[in-house]
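Start from the sequences and build out the full structure, keeping to the hints where you can.
Heads up: the sequence shown is residues -23 to -1, 1 to 104, going by mature numbering (1 follows the signal peptide of the UniProt record, and there is no 0).
Hints listed in this document are in silico derivations from the structure and should not be mistaken for laboratory results. Only a predicted model underlies this, so the values are computations on that prediction, with no experimental measurement involved. One or more hints might be untrue.
[Unchecked claim] FRET-style restraints, in silico, Cβ to Cβ:
(1) Ser34 with Thr97: 41 to 49 angstroms
(2) Arg59 with Thr97: 28 to 36 angstroms
(3) Glu81 with Tyr56: 35 to 43 angstroms
[Stated by the list, open to error] Lysine-lysine pairs mimicking DSSO-like chemistry, simulated, CA-CA at most 30 angstroms apart:
(4) Lys80 with Lys90
(5) Lys63 with Lys79
(6) Lys90 with Lys63
(7) Lys63 with Lys80
(8) Lys90 with Lys79
(9) Lys75 with Lys90
(10) Lys63 with Lys75
The C-beta atom is built at its ideal place from N, Cα and C for all residues, glycine as well.
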Amino acid sequence: MANFMSFITLICILSLSPRPAFAADTPEGSTLRTYIVHVERPDGEGRTADQPEELESWYRSFLPLSTRSSNEADERMLYSYRSVFKGFAARLSPDEVKDMEKKEGFVYARPEKILPLHTTNSQGFWD
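Have a look at this one:
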């Protein structure tokens, strides 16, 4: 019973926190969001540079300088796209996206948009 009461107390304390626990902040104070970033190799850099390690390194070159060589880069880079288009998903601030727009090879960056799952009404399917 004591463990249950401790758990309830912890939940109450966390729920009163003025800032959500999942909101990551940059040093400048702006909140990070997940962006899908589409990039394109500059002309002259052919398909020889499409090895996974080289792509990862190139994608990281778009991240802010302060995060490139640290473990923070691993935390910020969420996914690397290789098949349909070249790009990556990363946690970025709006200012970091604006800086990224100036780099050669940048195509666009869009905030992640979670869409609701749509399904057909199949309640009678198993009957």
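These are the hints, each one checked on the structure:
no. : hint                                 : verdict
1   : Ser34 with Thr97: 41 to 49 angstroms : holds, 44 angstroms
2   : Arg59 with Thr97: 28 to 36 angstroms : holds, 33 angstroms
3   : Glu81 with Tyr56: 35 to 43 angstroms : violated, 22 angstroms
4   : Lys80 with Lys90                     : holds, 24 angstroms
5   : Lys63 with Lys79                     : holds, 18 angstroms
6   : Lys90 with Lys63                     : holds, 19 angstroms
7   : Lys63 with Lys80                     : holds, 15 angstroms
8   : Lys90 with Lys79                     : holds, 24 angstroms
9   : Lys75 with Lys90                     : holds, 19 angstroms
10  : Lys63 with Lys75                     : holds, 19 angstroms
The structure shown violates just one earlier hint, number 3.
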